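Build out the structure end to end from the sequences listed, making use of the hints.
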Amino acid sequence: MGRIVNPASPPLTILPPLRPDLQIRPSGHDRDGAPIWTLQDPVNNQFYRLGWIEFELLSRWSAGDADAVLRQVAAATLLRPTTDDIEALCRFLTQHQLLEARAPGHASLLQTLYQRDHASRLRWLLRHYLFFRVPLLRPTAALERLSRWLGWIFHPWTAGAVLALSALGLGLTARQWDSFAAAFAQSLSPTGFLGYLAALAVTKSIHELGHALTATRYGVRVAHMGVAFLVMWPMLYTDTTESWRLSNPRQRLAIAVAGIASELALAGLATLGWHLVGDGPLKEALFFVATTAWVISLALNISPFMRFDGYFILSDALDLPNLHERAFALARAQLRRAVPGLAEPDPETLPRRLRRFLIAFAWVTWGYRLIVFTGIAIAVYLFFFKLLGLFLFAVEIWWFIARPVWRELRYWREQRAATPAIRRALLLASLLVAIIAALWPWPTPVRAVAWHYPSQSITLYSPLPARVQFLARDGDAFAAGSPLLTLDQPDLSYRAARAAVTRDTAEAEWRSLASRDEGLERLPLILQGRALRAAEWRAEVAEGARLTLTAPFAGKLVDVDPNIGVGAWVSPRQPVASLIGPGPWLAEAFVTQNELSRLQPGVTARYYPVNQPGAAWAATVVSIEQTRLSWLPHPMLAASHGGPMPTLADSAHAPLQPRDSLYRVRLTLAGEPPAAIGWGHAVIEAEGRSWLIEQLKPAAIVLIRELAF
Numbered sequence: 098m099g100r101i102v103n104p105a106s107p108p109l110t111i112l113p114p115l116r117p118d119l120q121i122r123p124s125g126h127d128r129d130g131a132p133i134w135t136l137q138d139p140v141n142n143q144f145y146r147l148g149w150i151e152f153e154l155l156s157r158w159s160a161g162d163a164d165a166v167l168r169q170v171a172a173a174t175l176l177r178p179t180t181d182d183i184e185a186l187c188r189f190l191t192q193h194q195l196l197e198a199r200a201p202g203h204a205s206l207l208q209t210l211y212q213r214d215h216a217s218r219l220r221w222l223l224r225h226y227l228f229f230r231v232p233l234l235r236p237t238a239a240l241e242r243l244s245r246w247l248g249w250i251f252h253p254w255t256a257g258a259v260l261a262l263s264a265l266g267l268g269l270t271a272r273q274w275d276s277f278a279a280a281f282a283q284s285l286s287p288t289g290f291l292g293y294l295a296a297l298a299v300t301k302s303i304h305e306l307g308h309a310l311t312a313t314r315y316g317v318r319v320a321h322m323g324v325a326f327l328v329m330w331p332m333l334y335t336d337t338t339e340s341w342r343l344s345n346p347r348q349r350l351a352i353a354v355a356g357i358a359s360e361l362a363l364a365g366l367a368t369l370g371w372h373l374v375g376d377g378p379l380k381e382a383l384f385f386v387a388t389t390a391w392v393i394s395l396a397l398n399i400s401p402f403m404r405f406d407g408y409f410i411l412s413d414a415l416d417l418p419n420l421h422e423r424a425f426a427l428a429r430a431q432l433r434r435a436v437p438g439l440a441e442p443d444p445e446t447l448p449r450r451l452r453r454f455l456i457a458f459a460w461v462t463w464g465y466r467l468i469v470f471t472g473i474a475i476a477v478y479l480f481f482f483k484l485l486g487l488f489l490f491a492v493e494i495w496w497f498i499a500r501p502v503w504r505e506l507r508y509w510r511e512q513r514a515a516t517p518a519i520r521r522a523l524l525l526a527s528l529l530v531a532i533i534a535a536l537w538p539w540p541t542p543v544r545a546v547a548w549h550y551p552s553q554s555i556t557l558y559s560p561l562p563a564r565v566q567f568l569a570r571d572g573d574a575f576a577a578g579s580p581l582l583t584l585d586q587p588d589l590s591y592r593a594a595r596a597a598v599t600r601d602t603a604e605a606e607w608r609s610l611a612s613r614d615e616g617l618e619r620l621p622l623i624l625q626g627r628a629l630r631a632a633e634w635r636a637e638v639a640e641g642a643r644l645t646l647t648a649p650f651a652g653k654l655v656d657v658d659p660n661i662g663v664g665a666w667v668s669p670r671q672p673v674a675s676l677i678g679p680g681p682w683l684a685e686a687f688v689t690q691n692e693l694s695r696l697q698p699g700v701t702a703r704y705y706p707v708n709q710p711g712a713a714w715a716a717t718v719v720s721i722e723q724t725r726l727s728w729l730p731h732p733m734l735a736a737s738h739g740g741p742m743p744t745l746a747d748s749a750h751a752p753l754q755p756r757d758s759l760y761r762v763r764l765t766l767a768g769e770p771p772a773a774i775g776w777g778h779a780v781i782e783a784e785g786r787s788w789l790i791e792q793l794k795p796a797a798i799v800l801i802r803e804l805a806f
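When we follow this note's numbering, the leftmost residue of the sequence shown carries the number 98, and every step to the right adds one.
Certain hints may be false.
[To be verified] Ranges between beta-carbon positions, derived for each pair:
no., residue 1, residue 2, range
1, Pro123, Thr237, 15 to 25 Å
2, Asn660, Ile498, 55 to 65 Å
3, Ala238, His193, 23 to 33 Å
Hint data in this document are derived by calculation from the structure and do not stem from the laboratory.
Model, not experiment: these values are computed from the prediction.
Glycine included, C-beta positions come from ideal geometry on N, C-alpha and C.
Put into structure tokens, the structure is as follows:
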């Protein structure tokens, strides 16, 4: 229950009258077994949970006299409330405007609240820009009729059938995962984006309808349905606030779960339908619905760290209303005790395990929200034009991230008198150490993706489709000129034999004509044919000689394809083996522009190949290129080929261009990696830089660029 801090108010004797439209209903029991009630404000559609003592006081509030109410409660119950309890309850009722307008001091409070909320139009605009709702429907009557028609969906047999069909769909997807992944890759297009938007509208409508129908089934009035805007992003919503009237926590939990359950049921049935229907628009629509429903339900709605369904499910499961606020209060109290050493009591008493869980939950939620709100701020910055985007980015960062931190630090400053002297000294020393550590130029190394290769190497390819007659073994050493691979091409052998026959025939005809005196006029023509046949034969012999691959230098044969043996056919585009020379091994690391200025030729480094975990080779930087890398030196480095580097294009007719701006750094390795070619990571010694300055540089660059109109 809220409190209004107003220590100067006089002691309360005459109780102000309550609004006559307020309603109090029993709501079961809390975790300790104590009875609880719900106070409903029908005008604002707000609900407040009351404890035993608050209920007893409000039940006798009409007495009008504070002392009379205290005496009646003490006489009728085991409770012994005090004047402080009466005053705290009265402050709560006044703050939430639950008293009649003619109550003493109520008008002045309303005026104060109005002036506070409207003192700054800019603050009002910013608050409502971050989140606001637009009610569109008042669906109570329609939901009651629809609930009667669709009552069968709440039957256990329906749930069992949906689970079985969804499991069948998931099983078929697991067996045909390649087809499902290929369909997803094809859907990443402008047309696919429109399809996902349409599927999102369908799935969210089913989601909200699940909430509304379940609430109606349990007698909860759905006040309205509409569209909520979170930082200008539209999303459907259903007002099920009146579910707090239910005394059965399982019914409240069912209403919270209904949205995700409906969405998952839709996802499972759409997945099965995708396997059953033929190719066409219906199959594509089912795919969009299935993928959208699975992702939204499992990645977003089920998260308890934001006020989505997962939060309300966890709140109802633990029976802890205002879960975030209570967890945050516990975590703040622990933080104040641990860091400034304040004697801060816990805001409420809870079992030890539950208390530890809520504190851990609060810290995880803060970390999750830090990432989400930072992402939202960046999205807002990119969405709007330059000046407005920069302003809204600053507003997002301040409101969601910096403002809570600043308020907590201000509280520590206000309580500095209660902070032990030794703790103040430790905090000051820690702050100084942190500042020095952030500004000190620590010699942190540069870590970069790299690949290794021998300085002298050649890959063996067949010059044409041919059959293997001889192939040397992996690891064998050879002298220059030694045969490594012998191939046979039957068609080439046939053409060579035929060319030899025609050559011999032309040679015999020339010799026969040269031995006689008649027919000499044909001699030039026969000589020309003899030369042509001889050239054809030499060409076929030269082509056949290409089928014997010899070592151009002394070295060792490695990476022999184990699937190639004697008698196997090979393609000209199929690498058969590699020959590496005795020279040093090289590596190329790819660093960013900020890291480039920290490197110098001659510094030492370490290279860690991924195909041999734990192994490392000493290396030395030999050269640093100042030109941006235009394309990847080897396809294995591309993420599309299983490598570590994302690319902009992946085409058989275009080079693989790296997505990021990278620069090449060449190293020599003092050793021989296990594979002739592979990739890994290089750790290079670099000039020390201040961590804080390095982090502020990109922000300063962006700020200067965006302010340059």
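Here is what the structure says about each hint:
For the hinted restraint 15 to 25 Å between Pro123 and Thr237, the CB-CB distance of approximately 24 Å keeps it satisfied. Range check, Asn660 to Ile498: about 56 Å between beta-carbon atoms, so the 55 to 65 Å window is met. One distance hint, 23 to 33 Å for the beta-carbon pair Ala238 and His193, holds here, with the actual separation near 30 Å.
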